[in-house]
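Take the two lone chains and join them into the complex the hints point to.
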Amino acid sequence: MKVKVIVTLKNGVLDPQGKAIQQTLNGMSFDNVLEVRQGKYFDIEVKESDESKAKTQVEDMCKKLLANLVIEDYKIL
Amino acid sequence: MKSSVIIFPGSNCDRDMDVALKKFGFKNQMVWHNDDEIPKSDLIVLPGGFSYGDYLRCGSIAGKSKIIKSVIDFANSGGLVLGICNGFQILTETGLLPGILQQNKYLNFICKNVFVKIKNKENKYFKNIKKDILELHIAHNEGNYFCSKDELKLIEDNNQIAVTYCDQEGNDNEANNPNGALKNIAGIFNKDKNILGMMPHPERMIDPFLSGEDGSLFFENLIGSL
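Chains A and B supply the protein sequences, listed in that same order. Going by the numbering used here, the first sequence opens with residue 1, and the numbers climb by one from there. Going by the numbering used here, the second sequence opens with residue 78, and the numbers climb by one from there.
By construction, these hints were calculated from the structure, which means they are not laboratory data. C-beta: ideal position from N, C-alpha, C; glycine also. All clues stand as given, with none of them false.
To be clear about the criterion: a stretch of chain B counts as covered by chain A if any three or more of its residues have a C-beta under 8 Å from a C-beta of chain A, and this derived list gives those stretches:
| # | stretch |
| --- | --- |
| 1 | 131 to 137 |
| 2 | 177 to 186 |
| 3 | 216 to 230 |
The calculated BS3-like cross-link candidates involving lysine-lysine, where the alpha carbons are at most 30 Å apart (straight line), are:
| # | chain 1 | residue 1 | chain 2 | residue 2 |
| --- | --- | --- | --- | --- |
| 4 | B | 226 | B | 182 |
| 5 | A | 53 | B | 141 |
| 6 | A | 40 | B | 146 |
| 7 | A | 47 | B | 143 |
| 8 | A | 47 | A | 63 |
| 9 | A | 63 | B | 260 |
DEER-style ranges, computed between Cβ atoms:
| # | chain 1 | residue 1 | chain 2 | residue 2 | range |
| --- | --- | --- | --- | --- | --- |
| 10 | B | 154 | A | 38 | 35 to 41 Å |
| 11 | A | 51 | B | 184 | 36 to 42 Å |
| 12 | A | 36 | B | 149 | 33 to 39 Å |
| 13 | B | 234 | A | 4 | 36 to 42 Å |
| 14 | A | 49 | B | 303 | 53 to 59 Å |
| 15 | A | 48 | B | 112 | 28 to 34 Å |
| 16 | A | 49 | B | 250 | 56 to 62 Å |
| 17 | A | 36 | B | 284 | 42 to 48 Å |
| 18 | B | 290 | A | 19 | 37 to 43 Å |
| 19 | B | 146 | A | 13 | 25 to 31 Å |
| 20 | B | 146 | A | 76 | 26 to 32 Å |
| 21 | B | 236 | A | 12 | 24 to 30 Å |
| 22 | A | 4 | B | 287 | 46 to 52 Å |
One chain only, chain B, in its complex shape (with noise of 0.2 Å):
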């Protein structure tokens, strides 16, 4: 299975992406944001990171670079993009993912390990994860998911909400939402569930010397899925 990272002036998580898929087994390549063109792939990941320094709004100016016109055109044919934490960002920033990642309620850039509930499974990314909890990694200023009511009344008609903040037993209310984001949204898929959108980090979870595992569960689902 082949992926590919694009890289943007900023991003700082491509390197740990590419680690965590070769890893589980895909074969990937690294895109940088002014080619033109994507390597064929059957995943594209947008990384985490800071592109564009977050000038004007996070992942805006990365939002509208030369490569993102190929990333929309593989994700509208139905290919998987998945952005995590800035990639995320830039992806609602695209249109290709509705709503907006606002600065966190409390103005507390927030780094920590936190526990999210799966909330649906019909799709390539959590198909055949048997955990319904999982526990990723945090790290971010801008996390606060927030979209129109009209908009949200679609993404839950839609099944659109991925994955969302919880304790450990795997309770999603205000008290286990880090950073004020709408109805703890942490991910949310297009309607389609070919793009997947989410603030934690798996690939800052596949080493259980240095974090933990459940990153792990996530990418050795994603290719048995492909």
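Here chain A stands alone, though its shape is the one from the complex (with noise of 0.2 Å):
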């Protein structure tokens, strides 16, 4: 089965692409753009039809390898 994950910055973290991604859109006039955080996605296949089992798996995959905990966090989709 396929698993989603979503990895951000944590709240508090310096995100500058994330700034320079909001000024960019400020200046193309999207004035109303408070802020923007940039993160990551992944698309995961495991070969493991029971999702709690799979999820179990890719939690301990974000833990190890896909979020640095130091300043990121993730979300199993």
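Set out below in structure tokens:
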């Protein structure tokens, strides 16, 4: 089955890319954009039919590789 | 004294480091990332570069490569492990050093000479260096050191800050911070001071005709203290 994961920067962690995107959007006349936070999205195909088993495995992957918990949070969709 | 430089796909300062180590008397060997074991060494170096194309996060893939288990075992047994630039990023990704190197605050790749202040000389890396301020070279896009407040307190309480960015007089304030690093941190130790990660490249400052010689002071001290 396929498991989807989103990794985002924790609140309060500086996101210079997000800031640059926000400023560019403002410059393109999207004046009401107050903040942009950039993240990562993963589509992971796991050879496992049991959804909860697959998600437990993906959670382990998030903690060990996909996210760096010093600055990032992950969400399994 | 024997040293080993680990080569990852995308390392590009490995040979500079080899030249520097040999120049100051190390018997250096190059070790491929896919090997199981590191030959007997007094020092292991993780060199600069762009291991695995900086995919996912800088140093994250190299931090899980086959050779890393041996590096971690060596470090945990008290062996000297030095990570320069991408090597520093790899050390944080393995958890051997706290924190992480984020993208530079102003999104620019920085390539220039900087001054760094030695903050702790009670270790083998800086023990007998007479100068307090060194001129070294930096070249990175992700050198913005960050860690949580709790971690920073531990780092400061244990005197783990190795070097900070400063000006020629040693003022390590925000005006002399090239990349937004917390507390101007350019390099840190682990608690026991046998592991050092730093963004500046001492191996690029070993020849007065090419650059400068403050890197020579670093390597002379290192081989002298082993």
